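**Student:** Starting from the two chains in their separate frames, assemble the complex, guided by the hints.
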Amino acid sequence: MDFDTERGPVGRGGLLLGLLGLAAAAWFLLGRGGAPPAGGTLARARAEGVIRVAYANEAPFGYEDPATGRVTGEAPEIARVLFARLGIPRIEPTVADFGALIDGLKAGRWDVVAAGMYITPRRCREVAFSNPTYVVREALLVRAGNPLGLDGYGSLGAHATARLAVLGGSVQDAYARKLGVPDARIEVFADYATALVALRAGRVDALAATRLTAADLLRKAGTGLEAAEPFEEPVIDGKVVRGHGAFAFRPADVELRAAFDAELAGFLGTPEHLELVAPFGFGPHTLPGEATAAELCAAR
Amino acid sequence: MTVVQGLPYLLQGLGPTLLLFLGGAVGALGLAFAAGLLLRSPDPVLRGAARSYVGLFRGWPVLILLFWLYFVFPPMLGIAWGAYPIGIGALALNGGAYGEEIVRGALAAVPRGQGDAARALGLTRGQVLRCILLPQAFVAMLPPLGNLMVELLKATALVSVIAVPDLLGRALRWRDDELGRVGVIFLLVLVVYFALGQAVRLAFVILERRAGRFRAAEPGR
Numbered sequence: 055m056d057f058d059t060e061r062g063p064v065g066r067g068g069l070l071l072g073l074l075g076l077a078a079a080a081w082f083l084l085g086r087g088g089a090p091p092a093g094g095t096l097a098r099a100r101a102e103g104v105i106r107v108a109y110a111n112e113a114p115f116g117y118e119d120p121a122t123g124r125v126t127g128e129a130p131e132i133a134r135v136l137f138a139r140l141g142i143p144r145i146e147p148t149v150a151d152f153g154a155l156i157d158g159l160k161a162g163r164w165d166v167v168a169a170g171m172y173i174t175p176r177r178c179r180e181v182a183f184s185n186p187t188y189v190v191r192e193a194l195l196v197r198a199g200n201p202l203g204l205d206g207y208g209s210l211g212a213h214a215t216a217r218l219a220v221l222g223g224s225v226q227d228a229y230a231r232k233l234g235v236p237d238a239r240i241e242v243f244a245d246y247a248t249a250l251v252a253l254r255a256g257r258v259d260a261l262a263a264t265r266l267t268a269a270d271l272l273r274k275a276g277t278g279l280e281a282a283e284p285f286e287e288p289v290i291d292g293k294v295v296r297g298h299g300a301f302a303f304r305p306a307d308v309e310l311r312a313a314f315d316a317e318l319a320g321f322l323g324t325p326e327h328l329e330l331v332a333p334f335g336f337g338p339h340t341l342p343g344e345a346t347a348a349e350l351c352a353a354r
Numbered sequence: 381m382t383v384v385q386g387l388p389y390l391l392q393g394l395g396p397t398l399l400l401f402l403g404g405a406v407g408a409l410g411l412a413f414a415a416g417l418l419l420r421s422p423d424p425v426l427r428g429a430a431r432s433y434v435g436l437f438r439g440w441p442v443l444i445l446l447f448w449l450y451f452v453f454p455p456m457l458g459i460a461w462g463a464y465p466i467g468i469g470a471l472a473l474n475g476g477a478y479g480e481e482i483v484r485g486a487l488a489a490v491p492r493g494q495g496d497a498a499r500a501l502g503l504t505r506g507q508v509l510r511c512i513l514l515p516q517a518f519v520a521m522l523p524p525l526g527n528l529m530v531e532l533l534k535a536t537a538l539v540s541v542i543a544v545p546d547l548l549g550r551a552l553r554w555r556d557d558e559l560g561r562v563g564v565i566f567l568l569v570l571v572v573y574f575a576l577g578q579a580v581r582l583a584f585v586i587l588e589r590r591a592g593r594f595r596a597a598e599p600g601r
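These protein sequences, in sequence, are chains X and H.
Take the first sequence: its letters are residues 55 to 354, numbered as in this note's numbering.
Take the second sequence: its letters are residues 381 to 601, numbered as in this note's numbering.
If we strip away everything but chain H, and leave its shape as in the complex, we get (with noise of 0.2 Å):
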C-alpha cells in the first residue's frame, strides 16, 4: 500500500477522533462549569461533591480510566457502555476536572467590589453571576479553556487502547499491515493531530478577540 493509498484509509479515522473531542470537550466544559459554580454554593455538602470530584479525576490518569469503565465494570455491573461512550465520558471526567479550576479562578479573578456593589443595587445571586460576574470571567477563561480543549483532543489518542478506530487507532493497523513505513505513518498521524489542534486554537483566538471587544469599548481605557 503506497501511501496515496494508505492516507484515505487513516483519514477514515477522523470521523472517531473528532467525535471523541466534540463529545469529551461539551461534556467537560459542562462538568467544568457545574463543578466550578458548585464550588461557589452556600451548601457544605455540594461544594464537597465539588471538591471530591475535581481531587478524584484530576488525579486519575484517562488512560487507567477507560480500562476500568471498558474491562472492569461490565463483568461487574453486567453492563457494557460502548466504547464511544465511555471514551467521551472518561475524557469529559479529566478534562472538567481540570476545567474547574479555570472556571474557579476567572470567577475568583473579577474583583469584589464589582459583585457587593451589584448587590447593593438589588440584584439577585443568580443575576449577579449571570450579568456581572460569568461575562468578564467568561473573557478570562478562554485562553486556559483553548489551551484545556489541544488538550483533550490529543488525549483523544488514548481512546484508541479500547478499540475505537480513531486516528492513532488506524495508524497502528496501517502500521502493522507495513512494518517498514512506521516513520512516515507517525509522521503523517503527527501532522494531522498538529492541524486539528491549530484549528482548535484558531477558534479559540476567534473566540477570545470576539468576546473582549467590550473591553475596548469600556471607557477609560
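With the rest of the complex left out, here is chain X (with noise of 0.2 Å):
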C-alpha cells in the first residue's frame, strides 16, 4: 500500500514541518533532563497505604500463580512482610520482561523491582539496591543425556557449534560473553519459557540459569531436559561467581532503601523468614551471610 505520489498525503512540506516538530519535541524533552519522579516515595507509600512492586514472573523469584492469582515467590513475600512492617500494609504488583524492569523502576512505573535481581556493579550505575536476601549458584539446562556433553560456559566457548540461550538483560548473558562465548551463539530471549522450547527444539542447546531457575524449570517442563552435571562453576577474576539477589529502588529513594535494609536486617535468617521462603527452595543454604550491596556494588 503505497500512497505517497506526488499528492498523497504526505507532501514534502508536511513531512518536513513533521520532522522539524519532532525535533524540537526531542530537543525540549531531552533539555530537560532524566530526573525520575520526585522523590518522597517512602512517604507516599505510607500515606496511601501501597506500594507498586514489580516482578518477572520467574519462579520463584516472583511470579503469579495462575491458580490464585495470587503474585508470590521469594522476593514479593519478602516484600509483603517488610512493607508491612514499615507502615504500608498493601504491594500493587505489576509483571514485566526481566529486561524491563530496570527501565519501569527509572520511569516511575513501580516504586521497587522484586524480581531477586542479582546485584551487579553495572545494574549498580542504575539503582540502588537493597541488601542480598539470597546468594545462589549458577546451573546450565541441557537436554536429556547432555549429547554434547556440556559441563559450563567454558565447554561452550570450547565447542565449535553449541548455542547457549540466556534471559535478555541477565547476568548469564554477561557471564557468557565474559567467558568467552562468542556473541554470535549466544541467543537471548524475553523470558524462559520460550528459551525452553528452543532448547527442546534443538534451536539451543543449552539454557544459562541459576539453580533455583534451573530447578523450578525441570519440574514444570517434566521429561527430556536436566541440569548439566558436573557442572563447572563461572571463575571470573580468581573467583566462583554466585548471584545475590537483592530488591531493587530508585537512587533517589535513600530513605526507602535504607528503612527497607533495616527492617531486611532483622529478618533473614529468622525463622519466620525461613519458613516463608521454604516453600520456594530457600533456606538456611542460600542465606547471603554478610555480603553487603555496597560491596557487590564495588566488586570486580
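Hints are not guaranteed to be accurate.
As the list claims (entries may be wrong) - Here are some, though not all, of the chain H residues that point toward chain X, as calculated from beta-carbon distances under 7 Å:
no., residue
1, Met381
2, Pro388
3, Tyr389
4, Arg499
5, Arg553
Everything labelled a hint here was simulated from the structure, so no lab data went into it.
Every value quoted in this text rests on a predicted model; they were computed, and no experiment measured them.
Each residue gets a CB set at the ideal place from its N, CA and C atoms; glycine is no exception.
**Tutor:** In C-alpha cells, the structure reads:
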C-alpha cells in the first residue's frame, strides 16, 4: 500500500514540518534531563498504604500463581512482610519482562523491583539495591543425556557449534560473553518459557539460569531435559561467581532503601524468614551471610 | 492447572482486551475523520498538520510507540500516564493514521459533479459535506474500516508488553506456570482472538447492509 505519490497525504512540506516538530519535541524533552519522578516515595507509600512492586514472572523469585491469582515467590513474600512493618500494608504488583524491570523503575512505573535481581556493578549504576536476600549458584540446562557433553560456560566456548540461550539483560548473558562464548552463539530470549521451547526444539543446546530457576523449570517442563552434571562453576577474575539477589530501588529513594535495609537486617535468617521462603526452595543454604550491597556493587 | 481451570484465568483477559479495542477504535475513528476532513481544508497549515500526523504515525510501529510512552517519556516529563491510556492512545494514533487514508479515499471517490451541483443549488460547504458527500462516502468506507478494526483488535495484543493483563498477557503468565502446555495455551488464545475478530467483521457486514440500503432503492439501479 503506497499512496505516497506527489499528491499523496505526506507532501514534502508536511513531512518537513513533522520532522521539525519531532526534533523540537526531542530537544525540549532531552533538555529537561532524565530526572525520575520526585522523591519521597516512602512517605507517599505510607500515606497511600500501597507500594508498587514489579516482578518478572520467574519462579521461584517472583511470579503469579494462576490458580490463585496471587503474586508470590521469594521476593514478593519478603516484600509483603517488610513493607507491612514499614507501615505499608499493601503491595501493588506489576509483571514485566526481566529486561524492562530497571527501565520501568527509572520511569516511575513501579517503586521496587522484587524479582530476586542479582546485584551487579553495572546495575548499581542504574538503581540502588537493598542488601542481598539470598545467594545462589549457577546451572546449565541441556537436553536429556547431555548430547554435547557440556559442563559449563567454558565448554560452550570451546565447542565449535554449541548455542546458548540466556535471558535478555540477565547476568548469565554477561557471564557467557565474559567467559568466551562467542556473541553469534548466544541467543537472547525475553522469558525462560520461550528459551526452554528453543532448547527442546534443538534451536539452542543449553540454557543458563540460576540453580533455583533451573530446578523450577525442570519441575514444570517434565522429561527430556536435565541440569548439566558435573557443572563447572563460572569463575571470573579468580572468583567463583555466585548470584546475590536483592530488591532494587530508585537511587533517589534513599530513605526508602535505608528503611527497608534496616527491617531486612532484623529479618534475614529468622525462623519467620526461613519458613516464609522454604516453599520456594530457599533456606539456610541460600542465606547471603555478611555480603552487603555496597561491597557487591564495588566488586570487580 | 487443567485446561478447564486455566480457561477462566485466560478469559479474565477479555475485559482489558475489549477495553483496549473499544477505546482504540473510538479514538482511531475520531482521528481518522478529523485528519481526513482537515486534509480537505483550504487552510494549508491545517492540511500540513493532518499530513504530518498521518506520515509520522503510519511509519511508527505501535510497539515502539508503546515503549516510548511507557518507559521513555515519564522520567523526562515527570508524568506517568497509566498503561491503559497509553495502550489506547498508541492504538488510536496508529489506527487513525491508517483510517485517514480510508476517509480521504472514500470522500474523493464521490463524483465531483455531485458536490458542484449541490453548491450550485446554494448548499453551504458544511451542508454539502454532511448531506451529500459523507452519506455516500460512508458506505464506501465501511469495508476497509472493518478491516482496520480487525487489525486494531489484533494489535491490542502488543499492549501486553507494558504490563496490561490482556488476553495475551494472561496466556503468557499461564504458559510461564505450565511450560508443557504451550501448544494448548497458544491455540486457545488464537481461537479467542479469531472469534473476536469474526464478531467485529460480522458487525461491519451488518452495518454495510444497513448503510447501503438506500442504494437499492435508488431509481435506475
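**Student:** Check each numbered hint against the structure and report the violated ones by number, ascending.
**Tutor:** Numbers 2 and 4 - these are the hints that the structure violates, sorted from lowest upward.
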